[in-house]
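Work out the full structure: start from the sequences and follow the hints.
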Amino acid sequence: MKLPASFRDPSGFLFSRNHQLYRQVNPVYGDQYDLLMSSGLYNRLVESKLLVPHREVDLPPEDDHPEFHRVLAPEQIPFISYPYEWCFSQLKEAALTTLEIQTRALEFGMTLKDSSAYNIQFKEGSPLLIDTLSFEEYIEGEPWVAYRQFCQHFLAPLSLMVYRDIRLSQLLRIHIDGIPLDLTKSLLPLTTLLRPSLWVHINLHAKSQKYFAGKQVPTKRHVSRTGLLGMVENLQAIVNRLKWKGDSTEWADYYDETNYSSVALEAKKRLVGEFLDGIGPGMAWDLGANTGLFARLAAERNHQTVCFDIDPWAVENNYLKSVKRGQTGILPLLLDLTNPSPGIGWGNQERTSLIERGPADTVLALALIHHLAISNNLPFAHISAFLGQICQHLIIEFVPKTDSQVKRLLSTREDIFPDYTQQGFEREFRKTFTIEASAPIAESERVLYLMKKE
Amino acid sequence: MKAWKAATKLLLLLALAFVLWPPTVYAYLDPGSGSLMIQAMLAALFAVSMAIKVYWRKIKLLIAALFSSGSETKDP
Numbered sequence: 001m002k003l004p005a006s007f008r009d010p011s012g013f014l015f016s017r018n019h020q021l022y023r024q025v026n027p028v029y030g031d032q033y034d035l036l037m038s039s040g041l042y043n044r045l046v047e048s049k050l051l052v053p054h055r056e057v058d059l060p061p062e063d064d065h066p067e068f069h070r071v072l073a074p075e076q077i078p079f080i081s082y083p084y085e086w087c088f089s090q091l092k093e094a095a096l097t098t099l100e101i102q103t104r105a106l107e108f109g110m111t112l113k114d115s116s117a118y119n120i121q122f123k124e125g126s127p128l129l130i131d132t133l134s135f136e137e138y139i140e141g142e143p144w145v146a147y148r149q150f151c152q153h154f155l156a157p158l159s160l161m162v163y164r165d166i167r168l169s170q171l172l173r174i175h176i177d178g179i180p181l182d183l184t185k186s187l188l189p190l191t192t193l194l195r196p197s198l199w200v201h202i203n204l205h206a207k208s209q210k211y212f213a214g215k216q217v218p219t220k221r222h223v224s225r226t227g228l229l230g231m232v233e234n235l236q237a238i239v240n241r242l243k244w245k246g247d248s249t250e251w252a253d254y255y256d257e258t259n260y261s262s263v264a265l266e267a268k269k270r271l272v273g274e275f276l277d278g279i280g281p282g283m284a285w286d287l288g289a290n291t292g293l294f295a296r297l298a299a300e301r302n303h304q305t306v307c308f309d310i311d312p313w314a315v316e317n318n319y320l321k322s323v324k325r326g327q328t329g330i331l332p333l334l335l336d337l338t339n340p341s342p343g344i345g346w347g348n349q350e351r352t353s354l355i356e357r358g359p360a361d362t363v364l365a366l367a368l369i370h371h372l373a374i375s376n377n378l379p380f381a382h383i384s385a386f387l388g389q390i391c392q393h394l395i396i397e398f399v400p401k402t403d404s405q406v407k408r409l410l411s412t413r414e415d416i417f418p419d420y421t422q423q424g425f426e427r428e429f430r431k432t433f434t435i436e437a438s439a440p441i442a443e444s445e446r447v448l449y450l451m452k453k454e
Numbered sequence: 455m456k457a458w459k460a461a462t463k464l465l466l467l468l469a470l471a472f473v474l475w476p477p478t479v480y481a482y483l484d485p486g487s488g489s490l491m492i493q494a495m496l497a498a499l500f501a502v503s504m505a506i507k508v509y510w511r512k513i514k515l516l517i518a519a520l521f522s523s524g525s526e527t528k529d530p
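Those protein sequence lines, which keep their order, are chains A and B. Sequence positions in the first sequence follow this note's numbering and run 1 to 454. Sequence positions in the second sequence follow this note's numbering and run 455 to 530.
These aren't lab readings, by the way, just hints derived from the structure by calculation. Treat the hints with care, since some could be wrong.
In silico SDA-like cross-links for lysine to any residue, where the CA-CA straight-line distance does not exceed 20 Å [said to hold, decoys possible]:
hint, chain 1, residue 1, chain 2, residue 2
1, B, Lys507, A, Asp63
2, A, Lys123, A, Asp63
3, A, Lys220, B, Lys507
4, B, Lys507, A, Asn234
5, A, Lys220, B, Leu499
6, A, Lys2, A, Ser89
7, A, Lys185, A, Lys210
8, A, Lys245, A, Arg164
9, A, Lys207, B, Gly486
10, A, Lys210, B, Gly486
To give an idea of the chain A side of the interface with chain B (calculated C-beta under 7 Å), a few residues [stated by the list, open to error]:
hint, residue
11, Leu242
12, Trp244
13, Arg430
Footprint (simulated), chain B over chain A, 3 or more residues, beta carbon under 8 Å [stated by the list, open to error]:
hint, stretch
14, 63-72
15, 143-153
Even glycine gets a Cβ: it sits at the ideal position worked out from N, Cα and C.
The structure is reproduced here in structure tokens:
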């Protein structure tokens with residue numbers, strides 16, 4: 001079955017057969033693919049963990065594409081994530097990876113013809129290029145065709161996140177080919193003028209686009225190799241200088257305010273660990289993971305763990321912590337669970353929704369239910385049905401109304417939740433799940449459940 | 455450094471003028487032509503800057519070499 005993520009590229013396409021992903025190389029791209037392999041660039045990039053490794057396989061092609069050059073079986077990426085789900089540092093690392101690949105490609109007489117952020121994925125904690133067909137022969141004097149795409153996919157969102165608002169990364173969800181530069185220019189503060197290099201790549205670039213739109217210009221512009229390398233080096237310097245320090249007043253304090261005693265916290269960790277031991281390794285999603293304290297328990301048990309949180313600071317913190325500790329089994333991502341990533345692009349199929357990327361073997365939903373049920377007015381039946389769609393096993397914490405955090409949520413609003421009780425919770429969840437175990441968390445009023453989908 | 459910055463700014467302005475008023479008209483391109491033009495301008499700037507850097511390094515090396523050989527003769 002041909003996958004809809006790659007239909008735009010005439011060089012080849014992705015297809016799946018027997019749950020294995022393959023990439024067909026079309027005859028039109030044959031010479032370029034052979035150059036990638038024979039030039040030594042493929043080996044160099046794979047050794048440096050910058051490009052996904054593949055093996056060539058002897059497999060009949062897809063029925064509707066009988067003509068082919070090669071069929072490749074790339075190494076699998078456990079979870080496909082998208083730029084609008086990445087924190088600042090993930091997008092920055094993806095940008096630097098793209099520029100590093102372009103520099104190496106030029107050394108081997110090739111160049112990147114795409115610099116889409118969607119071509120980068122995180123594997124074992126590091127970003128790497130997954131589109132093996134992104135290279136073409138470099139011809140001296142030719143410009144870098146992917147320059148505009150790099151500015152839209154990376155430079156625009158990164159600069160908006162740093163200089164305007166971290167939440168503007170979400171513009172990538174609306175603009176599938178990167179944030180338009182005229183929009184970026186209008187959103188960036190005037191102080192961008194103090195950063196001339198960035199100003200040129202965004203503001204002057206946008207002005208140039210507007211000026212030349214629909215105008216007749218010379219078809220050929222000579223771009224020397226030295227100039228091109230200088231420009232890539234300049235982009236690297238700009239991206240390296242972009243730093244997001246987080247807004248400590250707005251985000252950070254919340255995470256220090258827990259109502260757990262150290263005894264309760266240790267008891268909860270032990271219980272979650274025991275429940276995880278009973279499930280066995282697989283794909284685990286931690287919903288509302290904060291900075292990944294409990295997700296790490298899953299990762300330590302060899303679960304491929306994806307952490308979701310709505311807070312950019314928490315995701316950033318989790319990512320940096322995982323990198324620092326070398327915890328490669330954790331992928332922190334930004335997600336509003338009440339409005340999760342939809343399918344976007346042509347036919348709503350180019351980038352898949354969260355649900356389509358599941359189900360996970362295990363979902364952790366710890367200290368989450370009250371936020372969904374009380375802050376977001378979601379009935380238990382809806383929460384249970386949604387969780388049933390995305391997992392086989394569920395480790396979920398029930399937080400009663402008597403808990404101080406719930407009291408706090410109810411302090412500023414009318415209590416319209418008569419069914420928010422432990423009995424009501426169990427009754428609704430039993431419609432989708434079997435409760436396999438439950439245990440109270442010591443020194444708290446909370447209860448932890450292990451459930452299995454019926 | 456001030457002189458270098460001023461020179462860069464001047465070059466930038468000249469290059470901008472070059473971009474905004476292209477000398478020859480050849481063909482119609484897509485709306486991405488603005489990106490191509492800015493890239494051509496930037497690459498030209500960086501090529502010049504790289505060349506200056508290389509020559510400047512050579513000049514510095516030459517001066518250093520002259521200086522060190524001079525000091526050797528003074529202090530046998």
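Hint-by-hint comparison with the structure:
About 57 Å separates the Cα atoms of Lys507(B) and Asp63(A), which puts this hinted pair outside 20 Å; it is violated. Straight-line distance between C-alpha atoms of Lys123(A) and Asp63(A) comes to about 31 Å, which puts the hinted pair past the 20 Å bound. Annotation: proposed proximity of Lys220(A) to Lys507(B) is violated, straight-line Cα distance about 28 Å (limit 20 Å). Between Lys507(B) and Asn234(A) the CA atoms are separated by roughly 14 Å; this keeps the pair inside 20 Å, and the hint holds.
Restraint check for Lys220(A) and Leu499(B): satisfied, since their Cα atoms lie roughly 18 Å apart, inside the 20 Å limit. For the hint linking Lys2(A) to Ser89(A), the alpha-carbon distance of about 33 Å lies beyond 20 Å, and the restraint is violated. For the suggested pair Lys185(A) and Lys210(A), the alpha carbons sit about 12 Å apart, so the restraint of at most 20 Å is met. Straight-line distance between C-alpha atoms of Lys245(A) and Arg164(A) comes to about 13 Å, which keeps the hinted pair within the 20 Å bound.
Annotation: proposed proximity of Lys207(A) to Gly486(B) holds, straight-line Cα distance about 12 Å (limit 20 Å). Taking the CA atoms of Lys210(A) and Gly486(B), the gap is near 10 Å; set against the 20 Å cutoff, the hint holds. The interface hint given for Leu242(A) is violated, since its Cβ lies 18 Å from the closest Cβ of chain B, which is over the 7 Å cut-off. The beta carbon of Trp244(A) is not positioned within 7 Å of any beta carbon in chain B (closest approach about 26 Å), and the interface hint is therefore violated.
A cut of 7 Å between beta carbons decides the hint on Arg430(A): the least distance to chain B is about 57 Å, and the hint is violated. Residue count for the stretch 63-72 of chain A with a Cβ under 8 Å from a Cβ of chain B: 0. That is fewer than the three needed, and the coverage hint is violated. Against chain B, the stretch 143-153 of chain A contributes 5 residues with a C-beta closer than 8 Å to a partner C-beta. That satisfies the three-residue criterion, and the hint holds.
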